[in-house]
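Residue-level listing of the chains:
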Amino acid sequence: DSTQGTPADCQPCPCPAGATCAVVPKTREVVCTNCPAGTTGKRCELCDDGFFGDPLGQSGPVRACRACKCSDNIDPNAVGNCDRETGECLKCIYNTDGFFCDRCKDGFYGNALASNPAEKCKPCSCSPFGTVGQQTGCSQVTGQCQCLPHVTERDCSACEPGFYNLHSGTGCQRCNCNPIGSTN
Amino acid sequence: GPTPRPDVHPLPPGTHLMFAQSGKIEFVPLEGYDMKKDDAKAVLHLPEKVIIGVAYDCVDKMVYWTEISSPSISRASIQGGDPTPVIKTDLDSPEGIAIDHLGRTMFWTDSVKDRIEVASLDGSQRRVIIDSDLVNPRAIITDPPNGNLYWADWNRDAPKIETSYMDGSNRRVLVKDDLGLPNGLTYDPQSALLCWADAGTHKMECMNPALGDRRKVLEGIQYPFGITSHGKNIYYTDWRRDAVVAVDRYAGRETDEFQPLKRTKLYGITTAYAQCPSGQNYCAVN
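One line per chain: the protein sequences are R and F, in this order.
For any residue, its number in our numbering is found by taking its place in the first sequence, counting from 1, and adding 44.
For any residue, its number in our numbering is found by taking its place in the second sequence, counting from 1, and adding 18.
Read the hints as simulated data drawn from the structure, not as lab findings.
Owing to the predicted nature of the structure, the values given are computational and were not obtained by experimental measurement.
Among the hints, a few may not be true.
Cβ-Cβ distance ranges computed for the label pairs, FRET-style [claimed, not checked]:
1. F:G218 to R:Q179: 50 to 60 Å
2. R:T50 to F:G99: 47 to 57 Å
3. F:N188 to R:E204: 52 to 62 Å
4. R:P167 to F:R281: 35 to 45 Å
5. R:P105 to F:L279: 21 to 31 Å
6. R:S103 to F:D100: 22 to 32 Å
7. R:A162 to F:Q293: 48 to 58 Å
8. R:A52 to F:D110: 42 to 52 Å
9. F:D195 to R:P58: 29 to 39 Å
All C-beta atoms in this analysis are idealised placements derived from N, C-alpha and C, irrespective of residue type, glycine included.
Input sequences plus hints: build the corresponding full structure.
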């Protein structure tokens with residue numbers, strides 16, 4: 045406030061070097077108006093969209109702003125891809141999920157870190173007849189669905205040899221064929 | 019040094035471009051079609067926000083914006099007034115926003131909820147009008163006199179530009195071939211042209227939605243995000259140059275560029291007219 049007539053009227057901006065500042069009249073709050081590249085916020089304490097870090101070290105050691113780290117599983121044309129402070133990925137694509145888009149989302153399996161999108165995360169597609177409780181989830185890595193008794197295949201879509209009636213919904217039943225009259 | 023009232027700067031009369039850049043909404047006055055770059059300044063400082071879409075209501079002279087860091091839609095008078103949130107709940111990633119100044123409503127896209135909503139300008143009477151077949155909806159614009167809505171979806175597998183009436187009925191795909199990342203969309207009522215800027219094909223194109231006559235305006239543009247039209251000119255924000263670029267639609271070339279001091283991404287852009295265009299629609303009289 046330059047109208048008080050004291051030596052302390054004008055004080056240096058509480059902003060990183062090069063930034064200018066201004067006072068909000070209503071709240072008398074000082075706001076930086078020209079933060080260094082990649083930073084923003086009242087005190088230049090935040091990272092720009094698409095970056096994360098803690099440029100002033102407000103909640104720990106100083107972490108310079110870096111581009112969102114999401115395992116190549118975000119789209120550069122999207123906005124708000126990660127949390128500006130923690131870096132938590134918010135817009136995972138290719139059916140991935142997790143803090144760094146580093147695992148498959150529920151109902152999908154495979155390698156979220158594969159370089160080819162087609163090889164990343166595939167749908168579990170568990171057979172509703174052969175799966176326990178008609179679950180849609182499967183093992184993240186192998187894709188194995190949880191099969192009912194005597195049901196087999198990754199997606200629980202077939203009966204074990206010697207068993208039939210997958211569509212019963214309770215597992216497959218033994219064929220009970222007479223070994224003498226059967227061909228195999 | 020300190021300037022008075024850093025959060026809100028009243029705008030002088032005249033037509034301006036308004037665009038969002040990292041926690042602020044800046045404006046550039048237009049003199050004819052020329053950007054008065056030396057007179058550009060921030061009209062609103064919201065240092066903790068990530069502002070994406072901007073729209074202007076020519077009746078009440080208010081700017082509306084979407085914001086994704088604490089997802090919300092807010093407004094403020096450009097003649098100087100406090101920013102006021104109008105929608106605070108049930109938003110994930112609000113991006114494009116458009117005003118029907120005749121019907122006194124606003125429309126927006128949400129790229130995570132994958133839907134298009136409408137509400138009165140004060141946030142009341144909110145309603146979802148489109149909630150199917152959307153993957154990455156972003157740009158949205160209105161044609162109030164004719165009651166039409168247009169939006170673009172940059173879904174990399176099947177990008178498209180669509181239209182519907184303002185209640186979401188009569189939905190149709192207008193363009194789906196030879197699109198990449200149609201980020202920006204604008205409608206010029208005088209020429210009845212819908213124009214878009216594509217960051218995938220690097221083209222700017224226009225068509226009369228009623229005739230379907232698609233034509234190329236410019237090739238080799240860099241990375242458009244938002245676009246807005248004003249007479250013969252189109253202005254777009256560019257993520258490569260961190261600039262507002264002016265394009266002469268008839269000459270098919272870039273004529274000027276404004277690069278703000280701060281080098282960071284520019285998002286939505288809109289034209290703030292000194293006066294509303296004439297016309298009325300059925301919503302305004304009902």
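Cross-check of the supplied hints:
Between G218 (chain F) and Q179 (chain R) the beta carbons are some 39 Å apart, a value that contradicts the proposed interval 50 to 60 Å. At about 33 Å, the CB distance of T50 (chain R) to G99 (chain F) disagrees with the hint of 47 to 57 Å. Checked against the hint of 52 to 62 Å, the pair N188 (chain F) and E204 (chain R) passes, with Cβ atoms roughly 55 Å apart. For P167 (chain R) and R281 (chain F), the Cβ-Cβ distance of about 42 Å falls inside the hinted range of 35 to 45 Å, so the restraint holds.
Checked against the given bound of 21 to 31 Å, the beta carbons of P105 (chain R) and L279 (chain F), roughly 30 Å apart, stay inside it. For S103 (chain R) and D100 (chain F), the hinted distance range of 22 to 32 Å is satisfied, since their beta carbons lie about 29 Å from each other. For the hinted restraint 48 to 58 Å between A162 (chain R) and Q293 (chain F), the CB-CB distance of approximately 54 Å keeps it satisfied. Hint check: A52 (chain R) to D110 (chain F), Cβ distance near 46 Å, so the stated range 42 to 52 Å holds.
Our hint of 29 to 39 Å for D195 (chain F) and P58 (chain R) is violated, since their Cβ atoms are close to 54 Å apart.
Hint violations for this structure: numbers 1, 2 and 9, all remaining hints satisfied.
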